[in-house]
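Just need the whole structure built from these sequences, with the hints factored in.
Number of protein chains: 2
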Amino acid sequence: MTPKGFYYAAVKAKIKKWDKEDVGLIISDRLAAAAAVFTTNRVKAAPVLLSQANLKNRAHRAVIVNSGNANAATGAVGMKNAKATIEAVAKNLGIKTGEVLIASTGVIGLHLPMEKILGAVPQLAQSLGNDAAPFTRAIMTTDTRPKEASAQAKIGGKTVTVWGSAKGAGMIHPNMATMLAFTLTDAAIAKPVLQAALVEAARHTFNRLTIDGDTSTNDTLILLANGAAANRPVAKGSADYKKFVAALTEVCAKLSEMIVGDGEGVTRIAEIKVEKAKTEAEALAVARAVAGSLLVKTALHGGDPNWGRIICAAGYSGVPVDPEKMELYFGKYPAYKNGLPAKTSEEILAAEMKKKKVQMRLVLNRGRASTSYIFCDLSREYVTINADYRT
Amino acid sequence: MTPKGFYYAAVKAKIKKWDKEDVGLIISDRLAAAAAVFTTNRVKAAPVLLSQANLKNRAHRAVIVNSGNANAATGAVGMKNAKATIEAVAKNLGIKTGEVLIASTGVIGLHLPMEKILGAVPQLAQSLGNDAAPFTRAIMTTDTRPKEASAQAKIGGKTVTVWGSAKGAGMIHPNMATMLAFTLTDAAIAKPVLQAALVEAARHTFNRLTIDGDTSTNDTLILLANGAAANRPVAKGSADYKKFVAALTEVCAKLSEMIVGDGEGVTRIAEIKVEKAKTEAEALAVARAVAGSLLVKTALHGGDPNWGRIICAAGYSGVPVDPEKMELYFGKYPAYKNGLPAKTSEEILAAEMKKKKVQMRLVLNRGRASTSYIFCDLSREYVTINADYRT
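If you're matching them up, the sequences are chains A and B in order.
Quick note on numbering that gives the first Met the number 0: the first sequence kicks off at 0 and runs consecutively.
Quick note on numbering that gives the first Met the number 0: the second sequence kicks off at 0 and runs consecutively.
Honestly, the hints are just simulated from the structure, not real lab data.
Everything hinted at is true.
Cβ-to-Cβ under 10 Å is the rule here; a few derived chain B residues that face chain A:
id : residue
1  : A69
2  : G77
3  : H110
4  : T216
5  : T297
6  : G302
7  : G307
8  : C311
9  : S316
10 : P319
11 : S378
12 : N385
To be clear about the criterion: a stretch of chain B counts as covered by chain A if any three or more of its residues have a C-beta under 8 Å from a C-beta of chain A, and this derived list gives those stretches:
id : stretch
13 : 39-51
14 : 331-341
C-beta atoms are modelled at their ideal positions from N, C-alpha and C, and glycine is treated no differently.
This is the structure in C-alpha cells:
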C-alpha cells in the first residue's frame, strides 16, 4: 500500500556486472515536506553531504538513488558527480535542482560511472509509474529480499498512509539511520513536525539495531510528506501527531527487522532487552556490547546458549554492572541469577537459543531504565561475502 | 631460555575431554616480587579477584593455573573453589597461602571440577622440574601452538633473563592484559619498580592488540622476579631500569604477536599505525576502530585492499578526522590521499594486502601523536570454532 501522489521508476544502468535495476527514482506529484537523518560517520559520502545541504530548502519533489557505488571517499570529483546527477534529474522532470534529494550505496572509493548514471535519468523520467517494486529492487546490493512496509492512520477522518522501502545487508550499525531507507506519506504535515516525527521513530527502530558494528559512510533515511491525503495538518504534540508517529514507527520497525533478518549471511536474529538500568544510555551501552560481541553472535549462530559470553560482554560495556545482581533470561527461562548459573536445564536454554528470533533479557537491577536492541548471528557466509566483496 | 630459580610442572587432570596437560604450576625456589595486570571487565573471574587480593602481600612463591574452565560468573562457590585450590598448593609445597597466585581460562559459568583439581595438586608438587614446556601446554585452550619468548639484559655485569609463556586464541581484546601470560625473571628488582615496568611493557604490547574485540573475564598477566641473577637491584628511572623494561617489552611483544598470529581461525595479521593524531588516545581510538571492524577483518582475510573500509572505520571512531586530510598507505604505497583514491595500481595494493603480516599506515594530519595496533583477519574457521565452543 503506497501513499497517494507518489510515482516510482527504476532502470538497469549496469553500474556493476549484474542484471537488476540499480538506479531508482521517486517523485511526488506536488511539493512535499522532507525530513531526513544521516550517518554520524565523519567520512560522509558526497550524496549525504549534498542531501544535507538540499534539505535546507523549503520543499522537495524527488529522490534519486543508485546502488553498486557509494560515491564515498571520492572528494571534489564525487561532489561534482552527485551535483551533475541531481541537475540531470531536475532538468528531465522540469523541477528545481534544490528539490531533488540523492543517495548512493555500494563500494567506497570509486568514482560514479557518470555516462551510465546520466544515460539512465531520461529513461527513469519516462518510466514513472505506480509500482514501487522496481525502485525497491534498485536500491538492493547484497540484500537477498526486497524490503517494504506500510501502515495507516486516521487523521481527522482522513486515511493517511505511510510507506517505506529500505536496503541493508552489511556495514550496518546505524547511529542515526540505516544504510538507505525511503519513507513516504501522503499526510499533510509541516516540515519541522515531520523532522521531529522521523527522529522519534528512528530512535526506537533504526538506531536500535546492528549487523556488524560498522557505521557506513552513506546511511540515509528520508521521509517525504506530500499532503495528498488532504487531512488537517498534523500539529506537534497533538493526538494526530501520536497517531502519525505510531504509524511511522511501525513502518520503521518492520523495515529494521527486515534489514537485520536479511543481514549478510544471517540465519537467526535476536532481541536483547536490557532492563532496570540507571539510565537509557546505560541500558543502550550494555545492549550494544552484547549485540556487538562476536562471541555472542557466533554462539547465536550455533544455537548455543553460552550465556557466559553475554554476562562477559555486559562486564566490558563500560557500565559498572554488578555481577552478583545481574539476571539473564532466554525467553522466560533464567540462565544466570544472583551471581550464579541458574538451574534451568541446558536443553530448555538450547531450545530457546535455536529459535529463528531469540529473546534475551538482561536485568541489571540498578534502576528503572530499559531499552531493546535487534541483532543477528555471525556466520561463515558473512565472511565469505565480505572477504571478496569487490571482485 | 628460562630464568634461574624457577621450576615448572603440569598434569593432565581431564578438566575437559582432551588428552593434554590442563593444570600447571610455577614455583620460585625463593621469595619473589610479583607484579600483575588484570582484565578491566567488571565481571571478573574468581581467580582474578583472588590474585588481586593476594598481590597485596609482600612476596610470592607460586602460580597455579588451569585451562578448560574459567571459574567466572560462578559467585561465592567459585571463590570458595579458587581458595581451596591455593590452599592445597600451599599445603603441598610447604609455603603460605598468601604466596600463591591463581589463574583460570576456559568456559564461563561452570563450577570447577574440584576433585580433579585437588587430585592434580600433589602430582604437580612431585613433578616439578626445569622444563617449562608442559606448563605452557597446560595453559592452552584453542591455541594451536605453544607461546614462549625470552630476552636477556646485562645489569651491573650480571646477565638477567626474562621469560614468558602465554595463551590466547579467542575473546582477546585486552584493555589490560591478554588472556593469560606468565612472565618470570631472575632479576633483583623491588616490587613497586617491577609493577611500573610491567605496566609500561604491557601498555605497548598486550594492550595494543585485538582478535575479536571481546575483553575476557579472566585476563591475567603476572610477572615474578626472584633475584636469582644476583644483580644489583634495578632502581626506578635508572639505566638498568630502561634495559630491564626493554627486555620485558621484547618478551611481551613477541608473546603478543604470537597470540594474534594464533588467534582462532587466523590466517593473516596486520599492524595498523595511526600517525599525526592530536593525542595518543585519539590515535588509539582510530586504531581500535580499524582493528575492530569486521569489514576490515574480512577484507584482510580475502587479501582484498578494500581501503574504503579503513577510511570508513576511522570516520566512525569518534575522532573528528577530516576525510580530505587523511592519507592511507599499504606498506609504502598510498591508497588514499587528499580525499581521493590514490593512483597506486590495484595489483600493487593487493600484493601488500596478501602478505602474512600486512602493514597499514593511516596519517590523520591533525597533530604529532601516534600509536600502533596488531590485529588479525576474521575467517569462516573463527565462526566454526565459536559457534560450537562448548560441545
